[in-house]
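In order, the protein sequence lines correspond to chains A and B. Numbering-wise (numbering that gives the first Met the number 0), the first sequence opens with residue 0 and increments by one. Numbering-wise (numbering that gives the first Met the number 0), the second sequence opens with residue 0 and increments by one.
Just so you know, these hints were derived from the structure itself, not from any lab. Since the structure is predicted, the reported quantities are computational estimates derived from the model, not experimental observations. Ideal Cβ placement from N, Cα and C applies to all residues, glycine included. Treat the hints with caution; some may be incorrect.
Per the computed footprint, the stretches of chain B lying under chain A, defined by three or more beta-carbons under 8 Å from a beta-carbon of chain A, are [as the list claims (entries may be wrong)]:
hint : region
1    : 86-100
2    : 219-228
Restricting the straight-line Cα-Cα distance to at most 27 Å, the calculated cross-link-like pairs of lysine-lysine (DSS-like) are [said to hold, decoys possible]:
hint : chain 1 : residue 1 : chain 2 : residue 2
3    : B       : 184       : A       : 60
4    : A       : 67        : B       : 50
5    : A       : 93        : A       : 67
6    : B       : 162       : B       : 50
7    : A       : 134       : A       : 62
8    : B       : 184       : B       : 68
9    : B       : 50        : A       : 62
10   : B       : 12        : A       : 62
11   : A       : 112       : A       : 93
12   : B       : 223       : A       : 62
13   : B       : 162       : A       : 15
14   : B       : 223       : B       : 162
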Amino acid sequence: MPESITRDEILEVYPKVSETIADALGRDVEEVTLAAPLMQQLDAESIDFLDIVYRLERQFKVKIPRGKIVEDARGALSEAEFERNGYVTETGLKQLRDHLSEVSAERFASPLKVRDIPALFTVETFCKLVVRAQKQNPKSQAG
Amino acid sequence: MAFLLVDRITEIKPGTRARGGFTLPEDLPDPSPCLVAEAIGQLAAWVAMAKAEFRSRPIAGITGEAMFKEGVAPGTTFDLEVALESCEDDSILYDGWAYVGETPIIELRRCVGPMLPMEEFDDPEAVRRRFALLCGTDRPVTGFFGDAALIPRLDIIDHDSAKRLRAAVRVPTSAAFFADHFPRKPVFPGTLILDAKVRLAARLASEALDASRHSLITPTRLCKVKFRSFVYPGQMLEIEAEVVETNGFSAEITVTAEVGGQRVASARVEAGAREAS
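Just chain A, with the same shape it has in the complex:
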């Protein structure tokens, strides 16, 4: 079960996360606010997410398992409980809202296609990804 993440933990990593995302997307760092959805507001695409994860791994000296955000979002639910025919189930949607607590409720479409989940991600989502990775790799916080 992942630990809860505090606001202080998010704010501690935010400066380097925002610089990393700004560099990857060719944006000014001032645009990369915590609440900014990467696809809708910063013109990110799925290929950029791959690049951003690699950059964050290098910047924070952590290892981020691939597909981690969606896997963590699913939590204890099985795949069958989380999605059906490419759509997130009602149970899965509740789980997703809880996990992506940084995403405002109105952005969760219903029905929600599984492939549209990355469109929900904000800068804060990636901050939380880094904090979780740091907690799983305690040595990385010394660097």
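Got chain A sorted already, so can you dock chain B onto it with the hints?
Frame of chain A, contents of chain B only:
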């Protein structure tokens, strides 16, 4: 065989690194350095595919930086080297080099390639056999030859001298390279899209730098190279180049490519004077 550029693999550690070779065809006039970069990318793909046991393959995604240190000539043989910093189920991250002798001619940094199921693109067993052939040979196994379709025809559609240039490129409906790229999913190679963008950028840079004062304006560095979606046979590419800045000796140009108003690729090109050899 028409778009298999790596003609031998001399060393390989699946998922990690490899060395190999590539020779530009003698009968390809005005070859692009992008083709040499493609060869580097294809060697990286072999490293990833070998680790994945040919169940998946990488496609072009992002190139953080490409350095073109010299021009390239027909008939030149390159020694290729790649090092994969990461080789995951969903993507790879690598650097690569093409040497002539001890001199690095092309250098690629921070290349990201998404991994996709092999079955969508090719027969896994055919790819495995090709790999065995490339690793087991002591002579080059040629899989690439000169073809007019490799040189993009840029039809200028808008021109703001020394500032902006827009051109159309018709993707051929059939070409020899589609047979290899890819057998089950013919798509216009990202390298050829990039080459069209680079050529347009070099043309614009020549205007911006007043080429009469320099011997040759060529691309020297690319960055933020991104491929967003596949381009299919018969589609019309619209490419736009725009000057970002110049300093009298080099120009920085941003280039985008669209199909039907949707962006499919982008890059930033630095071009400057190079003494003609």
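Quickly compare the C-alpha distance for residue 134 (chain A) and residue 62 (chain A) to 27 Å and report which way the hint goes.
holds, 11 Å
Do the alpha carbons of residue 12 (chain B) and residue 62 (chain A) lie within 27 Å of each other, as the hint requires?
holds, 22 Å
Would the hint linking residue 184 (chain B) and residue 68 (chain B) be met if the CA-CA limit is 27 Å?
Status violated; Cα separation ~34 Å.
Going straight from one Cα to the other, do residue 184 (chain B) and residue 60 (chain A) come out at no more than 27 Å?
The given pair, whose Cα atoms are some 38 Å apart, is violated under the 27 Å limit.
Chain A covers the region 86-100 of chain B, three or more CB atoms within 8 Å, holds or violated:
Answer holds; 5 residues pass the 8 Å Cβ test.
Mind checking, does the region 219-228 of chain B have 3 or more residues with a CB under 8 Å from chain A?
holds (count 4)
When you check the alpha-carbon spacing of residue 162 (chain B) and residue 50 (chain B), does it fall within 27 Å?
violated, 46 Å
When you check the alpha-carbon spacing of residue 162 (chain B) and residue 15 (chain A), does it fall within 27 Å?
Roughly 35 Å between the alpha carbons, so the hint for residue 162 (chain B) and residue 15 (chain A) is violated.
Would the hint linking residue 223 (chain B) and residue 62 (chain A) be met if the CA-CA limit is 27 Å?
holds, 24 Å
Is it true that the CA of residue 67 (chain A) sits at most 27 Å from the CA of residue 50 (chain B)?
The given pair, whose Cα atoms are some 22 Å apart, holds under the 27 Å limit.
Is residue 223 (chain B) within 27 Å of residue 162 (chain B), Cα to Cα?
Given that 27 Å is the threshold and the Cα spacing comes to 20 Å, the pair holds.
Pair hint residue 50 (chain B) and residue 62 (chain A), alpha-carbon separation not exceeding 27 Å:
Holds. Residue 50 (chain B) to residue 62 (chain A) sits at ~20 Å (cutoff 27 Å).
Checked against the numbered hints given earlier, the structure breaks hints 3, 6, 8 and 13 and satisfies all the rest.
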